[in-house]
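Peer 1: Chain by chain, the residues:
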Amino acid sequence: MKTNKAKITISEEDFNKFREYFYRKTGINFEASKRYFVDKRLIERIEATDSGDFRSYFIMMRFQVSGAELQLLTNLMTVNETYFLREDYQFECMVNSILPELVKRKTDNSPIRIWCIPSSSGEEPYTVAMYLMERWPGIHQWDVEIISSDIDTGILNKARIGRYSARSVMHVPAPWLLKYFKQVGDEYQLCQDVREAVEFTRVNLAEPADTRSYKNFDLIFCRNLLIYFDDLSRKTAAEVFFDALNPGGFVCLGHAESMSRISSLYKVRKFPQAIVYQKSLESR
Amino acid sequence: MAFIKKTTSPTINDGQHTPEVRDCQTLLTQLSSTDASERRTAARELVGCPDCANGLMERLKIETEISVREVILTTLTRLGDPVSIAGMVECLRSEDAALRNEVVEAMKLLPQEVAPMMLGLLADEDPDVRIFTVNVLESLCHPDVEAWLIQVISNDDHVNVCATAVDLLGEVGSVDAIGPLEQLKARFVNEPYIQFAANLALSRINEN
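Same order as they appear, the protein sequences are chains A and B. If you're matching positions, the first sequence starts at 1 in this note's numbering and goes up one per residue. If you're matching positions, the second sequence starts at 1 in this note's numbering and goes up one per residue.
Honestly, the hints are just simulated from the structure, not real lab data. Take these hints with a grain of salt, some might be off.
[What the hints assert, rightly or not] Below 16 Å or equal to it, Euclidean Cα-Cα: the simulated EDC-like pairs (lysine to aspartate or glutamate) are:
| hint | chain 1 | residue 1 | chain 2 | residue 2 |
| --- | --- | --- | --- | --- |
| 1 | A | Lys40 | A | Asp14 |
| 2 | B | Lys108 | B | Asp51 |
| 3 | A | Lys104 | A | Asp143 |
| 4 | A | Lys215 | B | Asp35 |
| 5 | B | Lys108 | A | Glu47 |
| 6 | A | Lys7 | A | Glu44 |
| 7 | B | Lys108 | A | Asp230 |
| 8 | A | Lys106 | A | Asp88 |
| 9 | A | Lys179 | A | Asp231 |
| 10 | A | Lys7 | A | Glu47 |
| 11 | A | Lys215 | B | Glu38 |
[What the hints assert, rightly or not] Restraint-style ranges between C-beta atoms, simulated for each label pair:
| hint | chain 1 | residue 1 | chain 2 | residue 2 | range |
| --- | --- | --- | --- | --- | --- |
| 12 | B | Glu58 | A | Ser56 | 48 to 58 Å |
| 13 | B | Ala147 | A | Phe63 | 35 to 45 Å |
| 14 | B | Ile4 | A | Val184 | 45 to 55 Å |
| 15 | B | Ala98 | A | Gly52 | 47 to 57 Å |
| 16 | B | Glu58 | A | Ala209 | 18 to 28 Å |
| 17 | A | Leu76 | B | Asn54 | 36 to 46 Å |
| 18 | A | Arg41 | B | Glu138 | 34 to 44 Å |
No residue lacks a Cβ here, since even glycine has one placed at the ideal position from N, Cα and C.
Extracted from the complex, chain B is given alone in its bound form (with noise of 0.2 Å):
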């Protein structure tokens, strides 16, 4: 027995010539293959397809294997075009909890393209898509994070939309948020978790 030279396979590409690129239409067929593996690949490869999200984002939505879903995700959020910021907004409302914390986790890799969305959904009528929003704000290299937490304890009569926002501001919050946690303390004054909560980021703050 010994080392092997020759690739045992054929079609690895040697860099002397230009690897065939598949069409958009058969990639998108291929990610209904009963082969996870096929759909993995199809999932990846359709990077190269402007106007694939729509295809991706329906096959998301049926997909039951975690490693499709990942590619799937990671695919959209390397196009990070509108259709797909707007198919993984979608999927925050899914039922689906694991989708939704692999959703989350996508959107914060886009900080750029989410964020002119971000005050809009903060202001939807569900609180939990509130709550996954500030979930995506959590490690969103943003510098409007802050301002948007702070519009949160504001404004929203949730307590605990509230109290993820302020878990969050104990983190990133500066100055700027000594007077609305002060104000979000009396807005919510017969709520235990809101006052320690708001009395931890306040001493945070102070130290800092």
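Next comes chain A alone, as it looks inside the complex (with noise of 0.2 Å):
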């Protein structure tokens, strides 16, 4: 690392020592194609911190005892792109195919409870809600309980705010548009009721004493997560959700994404609408 007052840079050792750190701590591997996206975030915050260079601010945040730097940092290294009703056939597949199966089996009256991880800034948590709302009759006869975690406690702050940019919702249906939302300038604001539906929790998947606690769920979406991941980190994933999930519970993934080359734990199910990956009725 060369460092003077008026440049600060980060040396391919210093990215190599980063990348390492930060993808045990969070799962997140950075490829050496992303050198420009990790060192430009880097250098912001040794000058947010006033560190000087990367040795100081790397050992500041290490042996930090809040771990605030880390959560900073890893705030600004997510990417947290998504919209409203994205891959909506995976939703068609849930009022339609998925909760009518989960429900057929139900033998008490407990909630159905889905998870949405990533949870970014809300737009499929909340999409879930509206779809439950506007698509299945059974939610008049059912609780159900949406849970929705992402590793960027900025970005939850957002999502429970619920305030869209028009790109957020260009594919939401504009009866939807009018019953859920507020125009407010050129952005549109969530309605209460919606965004009271959805509990968002900071979760980190690579670090279990976070995920121990995430059980009896009957679905999960886990879209467009894993492609970000390495082999390594989508298996653990995969098996954090194993967990999560009661038997017969499904979990959803992105369009790019197959469980099936990353676990042999889920059985492939093709609804009409959808593959999805199912825990298996007799796991335990």
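Make the complex out of the two chains shown on their own, each in a separate frame, by following the hints.
Peer 2: So, in structure tokens, the structure goes:
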């Protein structure tokens, strides 16, 4: 690392050191092609914390008791690009195939539990809530609990606020837009009823103590996250979901992701609307 | 009926509190629980215990539940320490074919860690271990894979080991493999499969 007051630089050794540490802590692996993206954010934080150079910053971040700087950096390093009704065939699958199968099997009145991860700015879990209200008659008979998680605390706060750009809501049907959003200048504010339907939590999938208590879910949406992980982190995530699911529960991945290439723990289920993955009913 | 805002799992971490980290001895004991879910949880959380590889290996040898084995192997892979690697290598000698295959898959994820052991494993006295080692090379992202395979087809006397290696050389081989492939054909002149596989590998290399 070479440094002077005018210009902070990140050497290749620094980059590798950081990338190895960040991978161990979060499961997110940066290829060499992401060097510019990573360097830019590291330099931003070195300057903001007056650390002077990478080494001082890295030591401060690693040994900070509160972990606040690592969390801040994590927030900067994660990509939060999504919109309402993205890959909506899976939500069609949820209301037309998955939920009817789940409720048919239910032997008690316990709530149906849905976990959306990553939460990002909330478009996906709120889409789930709106889909259930608009397209699933069962919502009048069953309690539903939606929990949405992300490693990025900044984006969770944004999700809780529920204020969106025109681009975020571009696929929302006009009647839904009228019913659930209020236009505020150039933006759209999601109504309180939908916002209250989702519980947001901070979770690091690579940290077992974080995920330990996530149990008894019937359906998990984890879309377009695993593509950012390497093979080992994908396997870890698949195993976390396995324990988070009830027997017979389902996982929906993004269209470019396949559980069959990650883990042998799941059965492939081909529904008319989508291919999803299921923890077998016999699983213990 | 409606949406429930308040989570029904009061233990779910809200991000404001540091979750409890369980002590390693408790987790090692939990590895023997009668509940498979408890064993998976323990195996996953043992990733935070650097000296737990022996305990995980002992459980792996007797564990019958596939889902628990998968988590144990993921944790051993994440640990990637010498004890974990040595344990995986030991499993290559297991009579349990499923376990061997699971270990081969796990070792493929550790190219840097298993690389120093490759020469020793490829010279192991048990030809089955040599074959499983070539299987590891199949998806090992390491620059020496071709050199190791060339060494196998140049020196190994066992036809099945060479056959496994030559199949793979057809996929990853370069012009460096042409001479050794010709010599392999000469060494096993009466083995039709070796002749066929070596010719196929040579034609693929020459096409490129």
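Peer 1: If you test the structure against every hint from before, which numbers come out violated?
Peer 2: Hints 2, 5, 8, 9, 12, 14 are the ones this structure does not satisfy, whereas the remaining hints hold.
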